[in-house]
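Colleague: Sequence:
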Amino acid sequence: MGGRVREVPKYGFKVRLDHEYPEKWSQKLRPKFKQTIQMMPLAVRYVFYYTNVSRYGRPVLMDYFNMRHGQQIYGVPIGGLGGGSIGRGFRGEFCRYALLPGLYSYHVIPANQFILTVRDVNGNTIYNQVLSTKTKPKHLRSWKWGFEGNKASYTGLYPRSWTTYEVEELGLKLTCRQVSPVIPHDYKDSSLPCAVFVWDVVNSSNRDLRIAITFTFQSGCGSKEDAQGDKWTEFFELDESRGTMIHQEFRGMPCTYAISSRTRRDDVGVTRMIGFDPRGNGAVLWQRLQNAGRFDESAEPRISSKTRKPIATAVCADTLVKAGSSGLLEFSLAWHMPKIQFFFKKKDHLRYYTQFFSGENTGPEICRYALSQYERWEDEIERWQKSVLEDPDLPDWYKSAIFNELYFVSDGGSLWLSTDESNELQPDDPRRRYGRFAYLEGHEYRMYNTYDVHFYAAFALAQLWPNLEACIQYEFRDSVHAEDQQRLQGLYDGSKRHRKVKGSVPHDIGDPGEEPFDLINAYPIHDVSQWRDLNSKFVLSCYRMYFFNRNLEQLRDFWSTIKLVLEHSLTFDEDNDGLIENGGFPDQTYDCWVMSGPSAYCGGLWIAALHCAVKIAELLGESEDEARYKGILDRGKVAFQDKLWNGKYYNFDCGKDESKLSIMSDQLCGHWLLRACGFSYEVFPQDRVRSSLETVFQNNVMKYKNGQQGAVNGFSPTGSIDYSCIQSEEMWTGVAYGLAALLIHEGMIEEAFRTAEGVYRTVYEKIGMGFETPEALYEHKVYRAIGYMRPLSIWAMQHAWTMRKALDPVVDANDGMTEINLTLSS
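At the far end of the sequence shown sits residue 828, using the numbering used here, and the numbering has no gaps.
Keep in mind the hints are simulated off the structure, nothing from the lab.
Quick reminder that beta carbons are idealized off the backbone N, C-alpha and C, glycines included.
Take the hints with a grain of salt, since some may be wrong.
Okay, the calculated beta carbon distance ranges per label pair [as the list claims (entries may be wrong)]: (1) Gly125 x Ser56: 55 to 61 Å; (2) Asp393 x Lys138: 41 to 47 Å; (3) Leu621 x Trp647: 26 to 32 Å; (4) Pro24 x Leu621: 51 to 57 Å; (5) Lys138 x Ser300: 42 to 48 Å; (6) Pro61 x Arg266: 43 to 49 Å; (7) Leu621 x Arg385: 29 to 35 Å; (8) Trp647 x Arg378: 52 to 58 Å; (9) Arg692 x His782: 29 to 35 Å; (10) Leu44 x Asp241: 55 to 61 Å; (11) Thr720 x Trp647: 15 to 21 Å.
Restricting the straight-line Cα-Cα distance to at most 25 Å, the calculated cross-link-like pairs of lysine-lysine (PhoX-like) are [claimed, not checked]: (12) Lys349 x Lys502; (13) Lys16 x Lys783; (14) Lys662 x Lys388; (15) Lys662 x Lys707.
With the sequences and hints as input, model every part of the structure.
Modeller: So this is what it looks like as structure tokens:
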């Protein structure tokens with residue numbers, strides 16, 4: 003393969019390396035007095051819960067005493083899906099290590115760098131500089147730091163990024179292209195824990211220059227635990243790949259870092275340094291580069307002595323770039339951590355990529371493979387993204403948002419495991435081939451596959467890796483039939499509950515601080531067997547899986563379970579009118595927001611699920627079940643309209659206080675899923691859908707932050723935000739994207755993109771929380787739950803757009819957007 007230059011794309015997240023964000027927000031929320039009174043009993047019980055969990059050394063799955071605060075540094079992370087990830091800052095930092103299952107280490111390691119060394123034709127070093135804007139590191143003070151940030155720029159378009167450095171005094175321009183193997187419908191390469199860094203060097207001067215790039219990397223992930231266990235380094239050569247390895251352990255789990263460069267052309271030389279002290283002054287490494295622009299391997303052992311201290315290693319690639327020409331240098335980084343355990347250490351789990359790469363030489367082999375395949379990866383990524391990036395009818399900001407929000411599939415604590423051969427799965431179960439996939443609810447909410455949230459986020463997997471979405475769905479199908487009679491105390495009201503009730507859809511598949519997949523329902527606040535949305539969402543997700551896959555046999559695999567969860571939900575229909583009632587506590591994904599009696603949210607999801615159940619029964623030829631569920635649906639549709647429609651929109655619920663009139667931005671969630679699955683107005687009347695959406699847009703969007711911050715969850719018809727509880731006054735990023743998707747389905751294109759644009763511009767441009775998008779934003783400089791799953795629902799917008807374009811090829815999202823952009827930028 004030739005090393006062709008790939009231009010920096012027009013679209014993406016773009017900043018200079020000296021960029022400072024205009025606003026700094028925090029998680030320091032000060033609830034209203036009424037809200038504080040509401041939450042006080044829960045807070046007291048949480049303290050006891052926190053103490054009980056921490057005293058055993060376990061991480062608390064929602065740690066409100068040590069909340070993370072946005073660092074305004076992040077860019078596109080590296081790594082494929084489910085093998086661990088490493089975050090990268092837009093200034094080049096290696097940061098936010100997620101190698102331990104479900105846990106993050108938020109550290110920037112100064113020793114992980116790229117260094118540029120330039121020599122003239124006489125061998126004199128005329129430039130030696132760390133390509134980092136960092137100016138005063140604690141260690142490695144012999145190195146020259148402080149590259150001028152105004153002479154470098156960054157573009158992030160997940161799963162790639164580009165950093166361009168201008169060395170004007172030498173007439174040099176360098177572009178580092180970062181590539182991770184995140185490729186839709188590719189289930190081999192997308193699982194690999196690696197990345198490639200390709201350096202394009204343009205010499206526009208009138209003299210030949212020898213260019214060297216040195217990649218330095220340190221053991222550990224910057225935490226105090228780095229001092230534990232033996233560490234040693236080792237050279238390797240594998241075909242054209244030459245590099246070094248760092249062998250280490252994380253909590254008893256072996257992990258090898260491998261860094262390498264490629265010698266596929268005669269004009270590229272690769273030399274290595276077996277080790278240096280990342281906590282020293284770095285003088286030995288720096289002096290060697292200063293003197294020779296490379297390392298002398300003849301004096302280096304091939305393997306270092308073992309140490310308990312942090313250790314670092316380096317790989318240097320150099321080439322002659324003639325005047326007026328260009329050169330290419332390639333590096334790869336892999337982390338091989340094949341076998342993992344969760345906190346309880348009940349069993350060992352193999353990562354999915356070990357089906358393709360295993361053995362003692364796996365780290366070097368992945369490095370070699372990445373260097374040989376990255377150009378193909380880029381070709382496939384470009385083909386995938388082309389239809390969006392070249393669509394003239396889509397706004398520019400959206401072309402950044404749709405791909406960059408996808409960061410979460412790798413950096414959301416995702417876990418992709420091989421299926422245990424002893425697991426008795428049916429021959430057509432997708433987990434036999436594609437393993438088990440899980441991702442966290444959020445960086446701070448450490449529960450795998452939180453189902454009420456995954457319901458929104460699943461549009462990304464359903465379109466890009468549908469077999470992984472099917473694996474998750476099969477996992478929940480099996481868990482419906484499970485039961486666990488362990489008695490736990492709910493933090494919300496203190497009542498005792500069984501951990502898992504048979505026939506109910508679980509909230510999550512487990513906590514990495516316990517034993518996920520075996521111990522499900524780690525969520526400690528409510529009795530989720532009484533939640534009103536989970537069962538409906540399961541039925542809707544089954545039909546969504548069929549809509550995207552058109553696999554009738556898969557649908558048949560779920561039918562008995564669908565009937566079981568429907569029967570469970572029917573126990574919530576207290577007056578037999580076909581419409582379920584809420585329980586007067588937060589019994590759904592808005593787990594602080596009380597719904598009483600029939601509600602727009604849960605009631606709408608329920609009748610939408612009934613409609614899908616009727617359709618599934620019809621497809622499967624289950625005429626008796628079809629007739630029964632249709633009868634319930636017919637009654638439920640009437641009850642829903644009679645009890646909740648107020649002439650303009652659907653009331654929040656049927657409670658006895660004025661909050662029942664709250665305008666909920668998510669009131670048509672059930673209708674959204676039906677529209678996304680190809681249905682029209684069989685359940686929800688078109689005129690009422692339109693009226694409700696117009697009401698939501700006029701109030702929750704346009705009267706909230708001047709239409710510049712998405713759609714607030716609740717808005718009072720009296721003209722103010724609904725402050726009745728913490729969550730009613732929040733704007734949920736993922737819900738706003740989901741609402742925008744529904745607006746597209748309904749032909750309200752301008753309204754859709756205005757709603758979503760407010761989310762993107764706030765997160766990525768105002769407050770600098772791109773690549774750690776929070777769950778919730780408040781009105782005044784406060785956010786909640788960084789790095790959250792639900793914003794993946796932006797892929798529902800792309801699905802809606804694709805469906806809409808098929809119906810109306812001339813639809814244009816930019817119509818009417820000039821005024822919007824002016825408003826948002828004011």
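Colleague: Indicate, hint by hint, whether the structure satisfies it.
Modeller: Verification of the hints:
Checked against the hint of 55 to 61 Å, the pair Gly125 and Ser56 passes, with Cβ atoms roughly 59 Å apart. For Asp393 and Lys138, the Cβ-Cβ distance of about 45 Å falls inside the hinted range of 41 to 47 Å, so the restraint holds. Range check, Leu621 to Trp647: Cβ separation about 31 Å, and the 26 to 32 Å hint holds. Taking the beta carbon of each, Pro24 and Leu621 are about 53 Å apart, inside 51 to 57 Å as hinted.
Remark: the range hint 42 to 48 Å for Lys138 to Ser300 is contradicted by a beta-carbon distance near 35 Å. The hinted window of 43 to 49 Å between Pro61 and Arg266 holds, with their beta carbons roughly 44 Å apart. For the pair Leu621 and Arg385, the supplied restraint of 29 to 35 Å holds, since their beta-carbon distance comes to about 33 Å. Our hint of 52 to 58 Å for Trp647 and Arg378 holds, since their Cβ atoms are close to 54 Å apart.
Separated by about 32 Å at the C-beta atoms, Arg692 and His782 satisfy the suggested range of 29 to 35 Å. Between Leu44 and Asp241 the beta carbon distance is about 59 Å. The supplied range of 55 to 61 Å therefore holds. Judged by the Cβ atoms, the range 15 to 21 Å given for Thr720 and Trp647 holds: they are separated by roughly 20 Å. About 21 Å separates the Cα atoms of Lys349 and Lys502, which keeps this hinted pair within 25 Å; it holds.
About 23 Å separates the Cα atoms of Lys16 and Lys783, which keeps this hinted pair within 25 Å; it holds. Between the alpha carbons of Lys662 and Lys388 the distance comes to roughly 46 Å, so the proposed pair goes past 25 Å and is violated. At roughly 23 Å between alpha-carbon atoms, Lys662 and Lys707 fall within 25 Å of each other, so this suggested pair holds.
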